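Undergrad: Next come the chains, spelled out residue by residue.
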Amino acid sequence: MSIQRKFINFHNAIKLSREDDKYRDAREKDESILAALKAAFKEAGYPVIETFIQGSLRTATTIKHPKNDFDIDRALVIDSANAPEDPVEVKKVVCSVLEKRGFKDAKIKMPCVTADYASLNLHIDIVVYRKSGDNYELAVGKRNSGDAVKEWSPSDPKGLIDNINDKSSYVYIGSTEDKLCQYKRLVRYMKRWRDEKFEDSVRKKVYSIGITVMLKEQFKPVLNEEGKPDDLQALRDTVAAILTGGYFKPQVDGNYRVKVDLPVTPSRDIFDGSSAATGTQFWNKLNTVLRKLDKALAEESLKKQCDILRELFGDDFETAEDANRNEGAKVAFSTAGSVGTSQGA
Amino acid sequence: MSTTISGYAAELMLRIEDRFLSLPEFLLLEPSKYGKLAHVNIERIDDVEVGLVCVNAPDAVSVNFDQPLLLVRDSLKRHISLLESVMSDPDWNDRELLREFYSNWLFLCKSGQKPLLINFSQPILQRVDVYEPIEKANYGLHSYYVAHPSDSEISKLSEMHFSIKERDRKVAGKAVVIPLDQLIPAPNSNESVEDWYLKTINRLPDERLNQLRDQLGQWRDRHYWIVFTAITVDNNRTWFALKLDNDNKKALPLSSNKIDGWRLTPISVRVFNQENVVQRGGGSTSLADKKVAVVGVGSVGSEVGHKLAAAGVRHLHFIDPDFYQIDNLHRHMLPQAYIDLPKSMGMVYQCHAQFPWSDAHYSCESLLTFVEKYPCDFFDLIVIAIGNPSLERFFKQHLLDNNIDVTTLNCWLEGFGVGGHAVLDISGTDGCLLCAYVDHADGCRGLHSNLNFIEANQDVMKSIAGCGNQFISYGAASSAQTAVMASSLAIRYLEGKQADSCRVSWKGDDDDAQAENIKLTHRYYQFKESLKRLPLLDEDCDVCSR
Chain D
1 MSIQRKFINF HNAIKLSRED DKYRDAREKD ESILAALKAA FKEAGYPVIE TFIQGSLRTA
61 TTIKHPKNDF DIDRALVIDS ANAPEDPVEV KKVVCSVLEK RGFKDAKIKM PCVTADYASL
121 NLHIDIVVYR KSGDNYELAV GKRNSGDAVK EWSPSDPKGL IDNINDKSSY VYIGSTEDKL
181 CQYKRLVRYM KRWRDEKFED SVRKKVYSIG ITVMLKEQFK PVLNEEGKPD DLQALRDTVA
241 AILTGGYFKP QVDGNYRVKV DLPVTPSRDI FDGSSAATGT QFWNKLNTVL RKLDKALAEE
301 SLKKQCDILR ELFGDDFETA EDANRNEGAK VAFSTAGSVG TSQGA
Chain U
1 MSTTISGYAA ELMLRIEDRF LSLPEFLLLE PSKYGKLAHV NIERIDDVEV GLVCVNAPDA
61 VSVNFDQPLL LVRDSLKRHI SLLESVMSDP DWNDRELLRE FYSNWLFLCK SGQKPLLINF
121 SQPILQRVDV YEPIEKANYG LHSYYVAHPS DSEISKLSEM HFSIKERDRK VAGKAVVIPL
181 DQLIPAPNSN ESVEDWYLKT INRLPDERLN QLRDQLGQWR DRHYWIVFTA ITVDNNRTWF
241 ALKLDNDNKK ALPLSSNKID GWRLTPISVR VFNQENVVQR GGGSTSLADK KVAVVGVGSV
301 GSEVGHKLAA AGVRHLHFID PDFYQIDNLH RHMLPQAYID LPKSMGMVYQ CHAQFPWSDA
361 HYSCESLLTF VEKYPCDFFD LIVIAIGNPS LERFFKQHLL DNNIDVTTLN CWLEGFGVGG
421 HAVLDISGTD GCLLCAYVDH ADGCRGLHSN LNFIEANQDV MKSIAGCGNQ FISYGAASSA
481 QTAVMASSLA IRYLEGKQAD SCRVSWKGDD DDAQAENIKL THRYYQFKES LKRLPLLDED
541 CDVCSR
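Those protein sequence lines, which keep their order, are chains D and U. With the first letter of the first sequence counted as 1, position 235 gets the number 235 in the numbering used here; the numbers rise by one all the way through. With the first letter of the second sequence counted as 1, position 366 gets the number 366 in the numbering used here; the numbers rise by one all the way through.
Just chain U, with the same shape it has in the complex:
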């Protein structure tokens, strides 16, 4: 169809599909005549140059496939609206070109090529080794080229470290990291890459260019990887790379008279630094320095530890005297390979294996031994997931008796899938763990939490193999639910978003409890505030009312 967009005559061509399960695509014909447009990538189809207009991420739109005409009309409106923006507002177009720099760079890269893994945390001028992939490796970190600095903070137990240092990988060449102060929009085609490269080098500050020429680029080689990094917009940093190949060994070409003989290939990168990987996974680098003890590494504690590590908490200390057993397999984080290993040690391995910057430690000790040995106020937070109200209350009393100022988060679940609870006790704020233990019947310190959904003094234990093998009946979904709830609370606290002591519960169904004639509390039947953070203070708590 022909139309006019911002005063320009434009032709758009609908790409017909048998059925539209995503937004119909309109191709912009003769795209080059409009200059370089953001969100328009130029391709050749049957030797005809067309512009692919990127209107939305495909998954971000739910389309009406029952009414294709409506859908096509709506898509056309979106295309025209976007093109109007980029054609009528050059400043916005330039900003968008920078914002989408890496997407445009990817268009220049060969499809199917594995990206270069880069492990840089700092955007500084530097030269590092590039390691070759292991031969015939199709998956895993050892199947990539990796540019790895010697001062990397990656855990010695992480797979990344192992795949580089322990697998005897060959050095394929050198990578030079070049931070850019000014980013030129990505070239439209591979033919323009050399020109783009020379312009980019030419714009480097003299000091950086000299350093590059005299210290980092004088190494004569057939291959060079150049890793560029720059701020795009909104303080977002992008990383991308060029591979330079030559049949003869030569120094890094930094001017037009040195470029002959070099083949320049844009390559994609996968940034393997804490900032990118943690944030991409929904974590926060602000948690990296927090110190959290997780006491009890059972079904709930292991999940809490995992979620905290995933959120970006590097310094986790796991404390548990128990060994991982076959009985634990179906409601625990750890794999079979860790059978007979201390659970706390297994969690450390697990964290280091999955989270490259983990600094997890462990102690094969009980809560009471832990209390005697470690200064509790060293930690920003102590998570207690032992399911033992006696020890939990004892620990609280220890903190009170010794004026130890530390925040604790006690979490536990109840059998038969009826629910779980978490209590965040922030020293100096209203409410404490003992508020959750005030016996509602007499206002005294109780032995059974008043948050519980199962009435006290019932036989809730099951046994398959007799005494010593009793267990509370609940599934992994219950422990995971409890752990996710507790972890969310812990993360909010560590991020400074939760400043007051509070309690949270989730309520499940009562079918299994009813089938076992388990009596439930009034709170269970009335409870409608699953996952809501509620004030912790109980006015009858003897500690808080002093």
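This is chain D alone, in the form it adopts within the complex:
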């Protein structure tokens, strides 16, 4: 078995999609909450005109968390004409619905309303936009924020999704989909690495969206001449490019601050307000990743490669022995029902 196949097995072990069985309870909860939110918004005088999933579930970069808790990232859109002047008003409506539906600790944060559903290990983030024409504005502000802070802030939620899924860059020429899939796998690998390697307090501040954007901007696809992906090399090259990509600003005291701008409106720094401790730890650990990946690349033994990668990604990355046990025991069939082909004779 190739090291690439082991990466694929690792990816299969950590990936999560909205359609997965494991996500079923969360999906059902999301759907029932959505219905309640729509009813409440309608009653409040600003009916929901559009709703969509955003975040990693929308971009197919979600991973399973080690403790099996699940996220819902739901966006609600109301018409600008009906929207209250105070954006926090709509967030209060969200908050009250969540509280009635059994969520604990529902909080109005600056960009969203967030809450946990303890019995399902479910975490929910709900954002509200108002829409005028094609323009979206995000409801920003906390429950007690002053008027100076509260605002309907121009935003481009779909633009971000499009940016993540974009494959128009020259690096995607030839087997475009395979390269985009490789990018998304790398995002999942790095998110799992983040979950494995950072203490809880820092882990929460190494934002998924930050990792996703850096990887997107610095992505170095690697397929061999036969078109076979080489995730190990691609991850190594991409991490190396991130480290030299200008995201980490050295401070005079030897620490680092990380700065990654959103690639779409409002183009804010994703890590705005992030501490030097976070930046420094992020920088140091990324450098460790690069060293370990280089070591794995130089290693010829599959066993040793797996051992190195398990140090980075945890136990969901199979050992070489796991590979041998599985090998030949079952035929791995395609998950596609059919594929359009260009073959003729």
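It should be emphasised that the hints constitute simulated quantities derived from the structure, not laboratory data. Since this is a predicted model, take the numbers as computed values, not measurements. All C-beta atoms in this analysis are idealised placements derived from N, C-alpha and C, irrespective of residue type, glycine included. Misleading hints may appear alongside valid ones.
Label-pair ranges, simulated between beta-carbon atoms [as the list claims (entries may be wrong)]: (1) D:Ala-336 with U:Lys-462: 58 to 66 angstroms; (2) D:Ile-173 with U:Glu-529: 16 to 24 angstroms; (3) U:Asn-402 with D:Ala-336: 23 to 31 angstroms; (4) D:Glu-311 with U:Phe-471: 50 to 58 angstroms; (5) D:Glu-225 with U:Asp-234: 39 to 47 angstroms; (6) D:Glu-225 with U:Lys-373: 36 to 44 angstroms; (7) D:Ser-338 with U:Asn-402: 22 to 30 angstroms; (8) U:Ser-473 with D:Gly-45: 28 to 36 angstroms; (9) U:Glu-529 with D:Glu-28: 36 to 44 angstroms; (10) D:Val-264 with U:Phe-323: 55 to 63 angstroms.
Fit chain U to the supplied structure of chain D, relying on the hints for placement.
TA: Coordinates of chain U only, in the frame set by chain D:
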């Protein structure tokens, strides 16, 4: 010019041309005084005897026509070098005389005369009928005199067989085949032919001479064709003939006292046997007994079948349920006359018509029916050219499930002229067809070959007449290119030169694909190994990794 060659004074005369587009000729004057020299043919020009020196085959030399003096000087060097060899080394001269026996024989034959076609496969003493040409026939096999043995292996559907047996040709006389153990160099002139003939007969072993006198030459006739055959050098066999004519019916003359009244005319022959015709066409007689099934007789399969037959594979079995249609004309081997005939049957006719020893058969069946009916391991090779990855993978699974040990060669092309592929799956070696289907994205069995240059799940079909009439856009050059590549691989395998499973691709231009917004794979853009045989094994193939 006068010169000295190997101690002999020699005079060479340049034959002047307005411009030299081939090697300038130097004639050797008074050639007879040097004895019989190889590569020197004696002719009379204006009643002067000259020797034509054969230095090179004209097409084998590219000449500098811009510098005629250089060219003349170079040609002179070549002439002198050759003459030095034949004059200074009698053994080499004798060997060369034998090697070029037939060329020298041709010098004795009347120019413009059609050769005698001889269909002998074995150099054995025998007598056969000679058939007259059809009257007023200027071309085709029926325009020749033919010496045809009754046990010929020529296909009953071949033109040769048809031109003899079906055209009611008259028997012109008898031909006697005489194998020679010792070949005397060809005579210098027609005047010496009788002497050469008697010497040659005289050197025959007694047993052969007796058999000739008592069994084969006693037939009294006005005409006899004698077909001689002998080994020259390097185990090469030559065939040539003499026609003997007499005003009265007489037995074959085998001694000097019987030769009076016979006129002896050297005649050229065209050997129509498998060994000569196949090898002259670049084929191999070692393939004659190989059994190859060609499943799918479309644009690629028909070309593959044709090339295999041309290479000398006699036992081809064509399998295809489709009928030949007008739509097929511009990218298929078959002519218009075969419209509405099963393609497999048409290919059989075509093979028999062009390749006289073909033993092609056909079945109007699909791959799946074929699997059920025929023992696949009967074949040395099964070529699959159906352009249907589902059936191809299914067939592979059938072979695996039933432990059928047979070599397969799958070949297909892709639309828009971007390329084509062939996969040789030799049972028991590294790699199999499914290696070419490992999905690189997840290492599983894929549904779309990883060799392909066009990304999956695109609309590559075109339609002129709506549903049911869709087709992939590609030209005959693409299918022929794919077929030639696949055939070469098949032939290498059948000849024992390719012992490992492998894959081969050719890459074309992407203009047409770009014009149709067809997305191509990373492999297409990186591929630089057109027509190279590459290892087939994919380490993630579940079959090969067991």
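Undergrad: If a hint holds in the structure, say so; if it doesn't, say that too.
TA: Status of the hints after comparison with the structure:
1. D:Ala-336 with U:Lys-462: 58 to 66 angstroms: violated (24 angstroms)
2. D:Ile-173 with U:Glu-529: 16 to 24 angstroms: holds (20 angstroms)
3. U:Asn-402 with D:Ala-336: 23 to 31 angstroms: holds (27 angstroms)
4. D:Glu-311 with U:Phe-471: 50 to 58 angstroms: Between Glu-311 (chain D) and Phe-471 (chain U), where Cβ atoms are some 54 angstroms apart, the hint holds.
5. D:Glu-225 with U:Asp-234: 39 to 47 angstroms: holds (45 angstroms)
6. D:Glu-225 with U:Lys-373: 36 to 44 angstroms: Between Glu-225 (chain D) and Lys-373 (chain U), where Cβ atoms are some 41 angstroms apart, the hint holds.
7. D:Ser-338 with U:Asn-402: 22 to 30 angstroms: Check passed, 26 angstroms falls within 22 to 30 angstroms.
8. U:Ser-473 with D:Gly-45: 28 to 36 angstroms: violated (58 angstroms)
9. U:Glu-529 with D:Glu-28: 36 to 44 angstroms: Violated, at about 53 angstroms.
10. D:Val-264 with U:Phe-323: 55 to 63 angstroms: Given about 59 angstroms between the Cβ atoms, the range holds.
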